[in-house]
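Chemist: Here is how the chains run, residue by residue.
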Amino acid sequence: MSSSNRLLDELAQQEYKHGFVTPIESEAIPAGLSEDVVRLISRKKEEPDWLLEWRLKAYRHWLTMEEPTWAKVHYPAIDYQKIVYYSSPKSVAENRPKSLDEVDPELLAMYEKLGVPLKEREILAGVAVDAVLDSVSVATTFREKLQELGVIFCSFSEAVRAYPDLVRKYLGSVVPYTDNFFATLNSAVFSDGSFCFIPKGVRCPMELSTYFRINQADTGQFERTLIVAEEGAYVSYLEGCTAPKRDRNQLHAAIVELVAFDDAQIKYSTVQNWYPGDKDGKGGIYNFVTKRGKCAGRNSKISWTQVETGSAITWKYPSCLLLGDHSVGEFYSVALTANFQQADTGTKMIHVGKNTRSTIVSKGISAGHGQNTYRGAVKIARSAEGARNYSQCDSLLIGEKCGAHTFPYIEVKNSSATLEHEASTSRIGEDQLFYCMQRGLSPEDAVSMIVNGFAKRVLKELPMEFAVEAQKLLGVSLEGAVG
Amino acid sequence: MKKPLLEIKDLRVSIAEDGHRILNGIDLAIGPGEVHALMGPNGSGKSTLAHVLAGRPGYDVTAGQVLYDGKDLLALKPEERAREGIFLAFQYPVEIPGVSNTYFLRTALNAVRKHRGLSELDAMDFLSLLDEKAKLVEMEERMLERGVNEGFSGGEKKRNEVLQMAMLDPRLAVLDETDSGLDIDALRVVAAGVNALRSPERSMLVITHYQRLLSYIVPDVVHVLADGRIVKTGGKELALELEEKGYAWIGSGANASAPEAPAAR
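Protein chains in written order, with our numbering: chain A, 1 to 483; chain B, 484 to 748.
There's no promise every hint is true.
[Claimed, not checked] Simulated crosslink set (BS3-like; lysine-lysine; CA at most 27 Å straight-line):
id, chain 1, residue 1, chain 2, residue 2
1, A, LYS456, B, LYS640
2, B, LYS560, A, LYS401
3, B, LYS640, B, LYS486
4, B, LYS492, B, LYS719
[As the list claims (entries may be wrong)] Computed Cβ-Cβ distance ranges for the label pairs, DEER-style:
id, chain 1, residue 1, chain 2, residue 2, range
5, A, PRO205, B, LYS618, 42 to 48 Å
6, A, LEU40, B, GLU628, 55 to 61 Å
7, B, GLU633, A, LYS282, 35 to 41 Å
8, A, LYS282, B, HIS598, 37 to 43 Å
9, A, ILE410, B, LYS618, 47 to 53 Å
10, B, GLU500, A, GLY403, 23 to 29 Å
11, B, TYR575, A, GLN392, 50 to 56 Å
12, B, LEU601, A, ALA109, 37 to 43 Å
13, B, GLU500, A, LYS282, 32 to 38 Å
14, B, GLU628, A, PHE181, 45 to 51 Å
15, B, GLU720, A, ASP431, 32 to 38 Å
16, B, PRO524, A, ASP431, 20 to 26 Å
17, A, GLY403, B, TYR575, 24 to 30 Å
[As the list claims (entries may be wrong)] With the C-beta cut set under 8 Å, the calculated list includes, among others, these residues of chain A facing chain B:
id, residue
18, GLU430
19, GLY440
20, GLU444
21, PHE454
No wet-lab data here; the hints were simulated from the structure.
Quick caveat: nothing in here was measured; it's all calculated off a predicted structure.
Where a beta carbon is used, it is the ideal one built from N, C-alpha and C, also for glycine.
Work out the full structure, taking the sequences as your base and the hints as a guide.
Modeler: Take a look at the structure:
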């Protein structure tokens, strides 16, 4: 027995492959947070006054708030004065590159190494990338091609300059600056991120993606992503994240806002692989993120798919506000916690419109000393005649020191609603492992296969390019290649 | 006499957790192509022997040795034994939800082929081989796409074991109570599948409580196990005799007849 437990422990401690530091010259502001810092960030980004005012309102509100403690995660108090709130690669800070040719070759090489080539001819056909490093966007690919269709895909800073009216209209329209402690902090100090706008009737012909990378030590990353799909528009958006190995924890507090109008559809996929800390729980990213989508129109649909394998602590609840009649919200999640990782993640589905539907499929995998919590809320408002929800929460335990926890909340104010909830907890058994090994599989392949089978329902929701990466991340060879 | 494929010498095994002794000196040799049956009452150590041969964790080998093709079998990891051609048909096949039977088989087959210095089978070649072998056990296509043993009936699980055996082409197959939980029709299908896999290049150790299975899979040699020792060895007629007289018949006089290596045929 002990031998197979040892084996599971070893497997749970897989090496983090993106942990290298790139020696890039940076221009950072001193650590600490004050109104002056907020003004400085805004000035560096050459922002209009209305945006600075909005940031300051957020900052002043943040000063009145307390850090939430209800999540089932434990970490020492964060000293917000020790965080660097803005850091930019020097080459980008001094002279903003206008095209890919002007991007520092060192930066391009770093993205190559991460498996995110930014040279368009080398990119998998059909994926446009916005690359965000520390606090700034380094490059955005395929912009001209998308512009021909009226699709706007650029960094958030650029959107503020080029499309101020659009940004002003939608910024904070889904996640107000007063929303929660971390979202409010983000609203005060956010640096960059991506902006996508899909005009009426346009089906975005390629996957849009943002690759987030934290490189500098002690730097927090506070990015915002805003995606708007007008009537009948469709977009599939992907997001990937990595960071170097460092002994000290780093904060990532992002906001994602999605808005879908009548018959529009937004599919948002995340493969989150921030540095999780070492096998003793030292270092790693605190990933405190607010993601919310508003199904504003009839028949609109927002799908969240997330594969969360990184971060020391994950605190995020991608949610859907189902306002439009017949609108649909979906949440598919795989969260893996190994070593000393902690995750408290789930979703909120808020049904307001008539005949709104939501689906929640959550797969939590815990290994080592990992603690994995699903926390979800399904709310059916009085107005949501005929609303339906289906929830499924499964937990898989690997080894004997990890934990899985489930907190589903349900609040129904309309008796015509239909809700279903299924849940299970299972353990990768010695029996399953031995069975696979008796058929010639290595223990590593056996665990991968079992985990992959467990997460299959979620992985199949990912776009192809991402599914492959996600399966590798779960330590898996390609399932479903046959038949 | 042909050199045995499997040679077990004075094998003594106890449960790792509590030191409880299960096998108290097993001697057994199986030649290439031979089918041996291992019978015995509940708790006599039949399944333990199967598990130890396959390398299941949780047992301590306290004495003796096992030679497989002249090599020290007990020094190999479970997956190495499998790749070297040892196959265990489980008494209780395990479910692996979400992993399709087809994918599982292909991964296993390619792991085994790689070890044997063969190239991986491509999807087309694999599927045609699978089609052919699935017919052996009358396995329908839809079952190949389901999760490994997920929601299978007892009979389906056992047929799936024989299908895996057919695909992996082992040199030594250990069938651990493959007849348990089968109705008579399922038993016939499973036995026919096993018989089709008999060959001069494949040896089998068929573990069972009942003679019933052995009228379908006719063994060359029958051993009777009691209290962790082989107490009687004979030809196929020994199984019939046991069926008639019960295990109690072996009784006290059994220990006197020292286990003999089976005669080569």
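Chemist: Hints first: check each against the structure and report whether it holds.
Modeler: A quick look at each hint next to the structure:
no. : hint                             : result
1   : A:LYS456 to B:LYS640             : holds (22 Å)
2   : B:LYS560 to A:LYS401             : holds (26 Å)
3   : B:LYS640 to B:LYS486             : violated (34 Å)
4   : B:LYS492 to B:LYS719             : holds (23 Å)
5   : A:PRO205 to B:LYS618: 42 to 48 Å : holds (46 Å)
6   : A:LEU40 to B:GLU628: 55 to 61 Å  : holds (59 Å)
7   : B:GLU633 to A:LYS282: 35 to 41 Å : holds (40 Å)
8   : A:LYS282 to B:HIS598: 37 to 43 Å : holds (39 Å)
9   : A:ILE410 to B:LYS618: 47 to 53 Å : holds (50 Å)
10  : B:GLU500 to A:GLY403: 23 to 29 Å : holds (25 Å)
11  : B:TYR575 to A:GLN392: 50 to 56 Å : violated (27 Å)
12  : B:LEU601 to A:ALA109: 37 to 43 Å : holds (40 Å)
13  : B:GLU500 to A:LYS282: 32 to 38 Å : holds (35 Å)
14  : B:GLU628 to A:PHE181: 45 to 51 Å : holds (48 Å)
15  : B:GLU720 to A:ASP431: 32 to 38 Å : holds (37 Å)
16  : B:PRO524 to A:ASP431: 20 to 26 Å : holds (24 Å)
17  : A:GLY403 to B:TYR575: 24 to 30 Å : holds (28 Å)
18  : GLU430                           : holds (7 Å)
19  : GLY440                           : holds (4 Å)
20  : GLU444                           : violated (10 Å)
21  : PHE454                           : holds (6 Å)
Of the numbered hints given earlier, the model fails hints 3, 11 and 20; all others are met.
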